[in-house]
Amino acid sequence: MADDSTTTAEPARRRGVTGSAHRWLVTTAGFLVTLAVTFLGLLAITFFIGRIVPIDPVLAVVGDRAPTAVYERVRVEMGLDRPLTTQFVSYVGDVLTGNFGTSVSTGRPVIEDLARVFPATLEMATLGIIIGVLLGVPLGVIAASRRGSWLDQAIRVVGLLGYSVPAFWLGLVGLAVFYARLNWVGGPGRVEIFLDGIVQPVTGLLLIDSIIAGDWEVFGNAVWHLILPASCLGFFALAYIARMTRSFMLDQLSQEYVTTARVKGVPERLVIWRHAFRPIRVPLITVIGLSYAGLLEGSVMIETIFSWPGIGNYLTVALLNADMSAVLGSTLVVGAVFIGINKISDVLYRVLDPRAR
Amino acid sequence: MATLRDWLIDDSPASPMQARLNRLYRVLGALMHNPLAVIGAIIVAALILAALFAPWLATHDPLRQALAERLLPPSAAHWMGTDELGRDIWSRVVYGARITLVIVALVAVLAAPAGLVIGVVSGYFGGWVDRILMGITDIFLSLPKLILALAFVAALGPGIENAIIAIAITSWPGYARVARAETLTFKNSEFIAAVRLLGASSLRVNLGHVLPLCTSSMIIRVTLDMAGIILTAAGLGFIGLGAQPPLPEWGAMISRGRSFILDQWWVATMPGFAIILVSLGFCFLGDGLRDVLDPKSGEQR
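Listed in order, the protein sequences are those of chains R and Y. Take 3 as the starting number for the first sequence in the working numbering and just add one per residue. Take 540 as the starting number for the second sequence in the working numbering and just add one per residue.
Read the hints as simulated data drawn from the structure, not as lab findings. There's no promise every hint is true.
[Claimed, not checked] Stretches of chain Y that chain R covers, calculated by requiring three or more beta carbons in the stretch to come under 8 Å of a beta carbon on chain R: (1) 589-602; (2) 674-683; (3) 751-758.
[Unchecked claim] Listed next, with one range per pair, are the computed distances between beta-carbon atoms: (4) R:71 with Y:609: 51 to 57 Å; (5) Y:559 with R:309: 52 to 58 Å; (6) Y:741 with R:72: 52 to 58 Å.
In this text, a Cβ means the ideal position worked out from N, Cα and C, and glycines have one as well.
Produce the complete structure using the sequences and hints provided.
This is the structure we're talking about:
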């Protein structure tokens, strides 16, 4: 990465420090405005969804036999008599101060629930993306370097399977085969029940917490349980990453500098990894960011199958109980993280790739 | 037949009709040379045929319960076995093709024209119209599709109609982007300028000349999106928010078979194979169509 930054520093110096600082300010301001507008859009959508619910929120509180006077009083207390724009402003205020309402199913504030369940999802998605990158990038490079071979076709089919296999079905079959039949991995949940709650939560990430506590039994058991759901998620990341890596590599391999390197007699392995692979690292970061965000979303189905106590499971339980505060809170958090990761990979792309500046 | 072929590959077609058939003939010819596209087309055709002729293909009534025959393994009488109520899984999978086809068709019919119109208007008029429409589109694009669909269904209430509406609401932005990009490339070309000089109104220019040119990229995009739509619909059914029992929807069938996955594996796996096969078919076909209709765009989605 060091060589990238030196080449990009040069034109900036030539333009003059003030010019580049000004440009930088404008770009950053523009970026922040888009970010704010996108978040506001997300809030508008969740607000709108909250309004189209056919359940009358007042009736849910007072019950359907309450006298009209009580009904009216609660309606005013809940702010439902005010114009929609005022309601939206106070909704935005609530969300910004972390007030997501109270969950009907758990009886706790939604924000507390979300803070408790989010690390479990993060842990699974992170291991998933690591698996996806470690397998997907090499597979994509191999497919591109042997274009048209049976290996390329096989990788292509694996890639398309990533778009065609339902996540919940893959998890279910994986559980039946690798847990029930072969007993290679742990079953549903993060750890065995008798190991649950032994380690003090510090970060909420069980693997890290058990290392901090020095409890290797819990650590081993957590890995044993995490590996299958993370691999299922990793498969979907792998499919996308391999596909994109292949197409980026094919672009590079058809360039003239690759031909020059080959003519010079550079070994094919070096042509591929030292010459063709280098320029695709930057676009790959965007791809990896996108698929990481996608995994946070994809974990909804996987968590349902594996009884994984993460945000996906929380969302499904809330959905089935028509617990709208919890549903909208989860949607907001997943949406915000999704937008955040997308924008960060966008920024990284601009910072790392001199041509995108 | 040689004369018909000559007419079809004529370099100077005499009528717009002949020109269109020419193009269709060439596209089909090119598709035939792409093995994956042929496989995809066969799978999609099989889905349509299964949906049309479900009563003849099914060996049993998909809804008839026979508790004496519950959870039977695949056999000559029940090709895919039976479920926990003794219903024949093969017959249910065949009838499920109808539900899947209705879902993807309705989502395509609702979302694609909406996206097309928004994209064309945005690209053609530019300025503030473009900024506002694309702003809304980008907000939808930057949100997670599945989660958004889940939230919409939660608000609208479970059921197949609401699932279709929710999926359509989350699918149009992609089409709007494609249509806008296409419109921008045609907008300043000479033939559009010529039509305008002849006095055609904006509506006429757009409907008669810009919209038709966007269709091939729209067809590619819709076909490629089909797999995602099928998966989302199945996911909603699996969670219990999509098609409701006793409808033989594939996702809902997997959900019911979940409790029997260890001993009666066929209950949950068979509908899964149907989903994978059909999604894969649309992916193959979409990939092939893109290679033929839009060779420049390469592999990227």
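(message) To test your reading of the hints: which numbers does this structure violate?
(response) The structure conflicts with hints 1 and 3, although it agrees with all the remaining ones.
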